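Could you put together the complete structure from these sequences and hints?
4 protein chains.
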Amino acid sequence: MFESTTQLRVRYAETDQMNVVYYGNYAQYFEVGRAESIRNLGVTYKQLEETGVIMPVVEMHVKYLRSAHYDDLLTIKTMIKELPTGHKVEFHQEVYNEANKLLTIGKVVLYFIDGATKQKTAIPTIFKDKLEKFF
Amino acid sequence: MFESTTQLRVRYAETDQMNVVYYGNYAQYFEVGRAESIRNLGVTYKQLEETGVIMPVVEMHVKYLRSAHYDDLLTIKTMIKELPTGHKVEFHQEVYNEANKLLTIGKVVLYFIDGATKQKTAIPTIFKDKLEKFF
Amino acid sequence: MFESTTQLRVRYAETDQMNVVYYGNYAQYFEVGRAESIRNLGVTYKQLEETGVIMPVVEMHVKYLRSAHYDDLLTIKTMIKELPTGHKVEFHQEVYNEANKLLTIGKVVLYFIDGATKQKTAIPTIFKDKLEKFF
Amino acid sequence: MFESTTQLRVRYAETDQMNVVYYGNYAQYFEVGRAESIRNLGVTYKQLEETGVIMPVVEMHVKYLRSAHYDDLLTIKTMIKELPTGHKVEFHQEVYNEANKLLTIGKVVLYFIDGATKQKTAIPTIFKDKLEKFF
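Protein chains in written order, with the numbering used here: chain A, 169 to 303; chain X, 169 to 303; chain B, 169 to 303; chain Z, 169 to 303.
For the record, the hints were derived by calculation from the structure and aren't laboratory data. Some hints could be false.
Same chains, same label: a pair holds when it works inside one copy or across any pair of copies.
Unchecked claim - Here are the simulated lysine-lysine pairs, DSBU-like style, with alpha carbons at most 35 Å apart:
(1) Lys298 / Lys256
(2) Lys275 / Lys288
(3) Lys269 / Lys286
(4) Lys269 / Lys288
(5) Lys286 / Lys301
(6) Lys249 / Lys231
(7) Lys298 / Lys269
(8) Lys275 / Lys296
(9) Lys231 / Lys286
(10) Lys214 / Lys269
(11) Lys296 / Lys231
(12) Lys269 / Lys249
(13) Lys245 / Lys296
(14) Lys269 / Lys245
Bear in mind the structure is a predicted one, so any value in this text is a computation, not a measurement.
This is the structure:
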């Protein structure tokens, strides 16, 4: 399994009038978690796109257990539990607050798509080479 | 079953450099769909909050089938398939483009929470009274 | 002078924990106002981009007089006070609430840029033709 | 003069189909710059709010000189050039990319408002005490 963590601080813009982070903003937090997890592997999502492969999200599942608040320093844990063998990759994600309470659980599925042909393709080699040593 | 539709137009702000609507922005589209569906019942989400009940989202599930693009006029279909009997309500949501293609399928689960005590509570009467005639 | 109005409803996502619309979200409201004003002329911003001209914002000025709140139905007034003769266009914008109170005053300046060469260019003909009858 | 810098990385969500950061998102970057500048003083914006003072934005002015792109590590420089003596504070802000090119210049004016009475008030003492040693 590959696992990575990153931190971010809740912006005022991300709160709503319920005094908590708006439920839709976790998609951005998950994106930051995924981008930083790939960077921790030694490659960047930007570099993956530069190989001609784009990675649109095809599924997202979120469970909201506890609220995040303004100025909270959140920890985003990102896990890839299975080495992608086909045309998709699953990221499992968890968001924790500073008291180490689990706030949110997410699963985001992305396809590998050839940017030119818009057809499904395999995981880019520069991503796979970094990832397979964890499996 | 209760069903309602509303329309909105994709903003430039909502696109990303993949030239499509960013995956996280559908949570806002679903919110608009839910708010307008409740308004169509003859009550508003704002009025529900004014009764002292807040409705945090506890679960969201999204499948992304096709992309939405800048300036698309989207139709958001919102359905409540079961009359809420406990402390939660499930909204089923679908997003269509102008060619009537199904782009996105969502399910969003919200709890009824007493804003003062932060405890789970029942569906507000003004909401239930409007809703139960559909079941 | 060319003047156009459009309406939009404040989303929960757009509020912050001060119980008002977050100050940064007015840029989106202004964008909606500009896009609808151009549509009212009989052309769309999307069509302008398809002519190969992009219109990046180079200046924005906003005065916040009163707050907008969740579910408010806002009126966005958009004005072009001078026919663009060079490579830029100025949009003047005002946001009103349902009580017709002026909430926000904005001015947004955009350049006409050739998407291929990234150089400044003149106003697209399809835009100018529609606009000049107002001056 | 008080000056502070912080860094943030551009999210995919913050780009638009022009392949650059959407013009409205700089308001969030400025917010992060202001929050971190106050934290660098030894107090937090959250603590200021807890004293009962809220700080709504009343003016924003932005000049966009160059574009920011996905995954850019931006430096936000935040300056207070005059010690607030009345009921408002002016933040001057600059955004730089990794090549140290100046991308954006902003000025944001905020009022000090008593959260209970909604009337203008003076700068909170815990903020002023930290700030005045720079003047």
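Classify it for me, Lys269 with Lys249: is the Cα-Cα distance of at most 35 Å met within a copy, between copies, both or neither?
-> both (22 Å within a copy, 33 Å between copies)
Under a CA distance limit of 35 Å, which applies to Lys296 and Lys231: within one copy, between copies, both, or neither?
-> Both ways: Lys296 and Lys231 sit 29 Å apart in one copy and 25 Å across, limit 35 Å.
Between copies, within a copy, both or neither: which fits Lys275 and Lys288 at Cα up to 35 Å?
-> both (20 Å within a copy, 26 Å between copies)
Quick one: Lys269 to Lys245, C-alpha cut-off 35 Å, is that within a copy, between copies, both, or neither?
-> both (12 Å within a copy, 33 Å between copies)
35 Å Cα threshold - placement of Lys256 relative to Lys298 = within (16 Å within a copy, 43 Å between copies)
When no copy is specified for Lys231 and Lys286, does a C-alpha distance of 35 Å or less occur within a copy, between copies, both, or neither?
-> Classified as both: same-chain Cα gap 31 Å, cross-chain 18 Å, threshold 35 Å.
Status of Lys296 relative to Lys275 across identical chains (alpha carbons, at most 35 Å) | Classified as both; 20 Å inside a copy, 33 Å across copies.
At 35 Å max between alpha carbons, let me know whether Lys214 reaches Lys269 within a copy, between copies, both or neither.
-> both (32 Å within a copy, 20 Å between copies)
Using 35 Å as the alpha carbon limit, work out where Lys286 and Lys301 are close: within a copy, between copies, both or neither.
-> Within one copy only: 29 Å inside a chain, 43 Å across chains, cut-off 35 Å.
How would you classify Lys269 and Lys286 at a CA-CA limit of 35 Å: within, between, both, or neither?
-> This pair counts as between: shortest inter-copy Cα distance 18 Å, intra-copy 40 Å.
For the identical chains here, do Lys245 and Lys296 meet the 35 Å Cα criterion within one copy, between copies, both, or neither?
-> within (20 Å within a copy, 38 Å between copies)
With identical chains treated as interchangeable, where does the CA-CA distance between Lys249 and Lys231 reach 35 Å or less: within a copy, between copies, both, or neither?
-> So Lys249 and Lys231 pass the 35 Å test inside a copy (19 Å) and across (21 Å) alike.
Hint compliance for this structure: every hint is met.
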